[in-house]
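Trainee: Sequence:
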Amino acid sequence: MYEPIRSKSVHSTMAGTTTDFPGRSRDEELDIQLAGHLAALLAVTDELRALGPDTGLDAAAERLAEQVARLRGGQAPTRLQVAAARTEPRPAALHRRAHTLAARALVVAASRADTAVAILTAERMDAHSAALEPRPLASR
Numbered sequence: 106m107y108e109p110i111r112s113k114s115v116h117s118t119m120a121g122t123t124t125d126f127p128g129r130s131r132d133e134e135l136d137i138q139l140a141g142h143l144a145a146l147l148a149v150t151d152e153l154r155a156l157g158p159d160t161g162l163d164a165a166a167e168r169l170a171e172q173v174a175r176l177r178g179g180q181a182p183t184r185l186q187v188a189a190a191r192t193e194p195r196p197a198a199l200h201r202r203a204h205t206l207a208a209r210a211l212v213v214a215a216s217r218a219d220t221a222v223a224i225l226t227a228e229r230m231d232a233h234s235a236a237l238e239p240r241p242l243a244s245r
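This note's numbering puts the first residue of the sequence shown at 106, with every later residue one more than the last.
Just so you know, these hints were derived from the structure itself, not from any lab. Here the structure is a predicted model, which means the values were calculated and not measured. A portion of the hints provided could be inaccurate.
Simulated restraints on C-beta separations [claimed, not checked]:
#1 Arg129 - Arg201: 31 to 37 angstroms
#2 Glu228 - Ala155: 17 to 23 angstroms
#3 Pro239 - Gly179: 40 to 46 angstroms
Each residue gets a CB set at the ideal place from its N, CA and C atoms; glycine is no exception.
Generate the whole structure from the sequences, applying the supplied hints.
Mentor: Structure (structure tokens):
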């Protein structure tokens with residue numbers, strides 16, 4: 106009634122001990138994931154820097170670039186060259202996006218026990234949260 110299986114099951118090959126493909130360790134996978142989150146955070150930081158001069162953002166961008174390069178084995182990240190193409194800057198949306206990316210990077214940094222990146226991302230989360238808080242009229 107049923108035709109017999111003529112080839113090996115995909116599942117049995119996966120469960121076997123043959124390694125015909127290059128594998129990565131958990132730490133390598135976390136490094137790749139963390140570098141990706143930090144590179145995305147760097148891109149948003151560069152967008153915020155394009156809106157106006159800010160020495161805090163400049164310093165943060167440099168620190169982020171250093172960490173991405175370290176995680177990628179010395180390969181410097183591609184930096185975003187933001188043109189003034191946007192007609193209406195949306196700094197609040199960029200700060201929310203940066204806060205989310207920093208939070209994701211913090212989770213990965215904590216799982217791989219990378220203290221330097223955890224501190225950097227926590228600082229960035231604080232900075233972006235502070236940028237989103239409404240300021241009193243007297244300080245404007």
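Trainee: Assuming the hint says 17 to 23 angstroms, is it satisfied by the Cβ distance from Glu228 to Ala155 or not?
Mentor: Check passed, 21 angstroms falls within 17 to 23 angstroms.
Trainee: Okay, Arg129 versus Arg201 on CB: inside 31 to 37 angstroms?
Mentor: Given range 31 to 37 angstroms: holds, Cβ gap about 32 angstroms.
Trainee: Could one say that the CB atoms of Pro239 and Gly179 fall in the range 40 to 46 angstroms?
Mentor: 42 angstroms, holds
The structure fails none of the hints (numbered hints given earlier).
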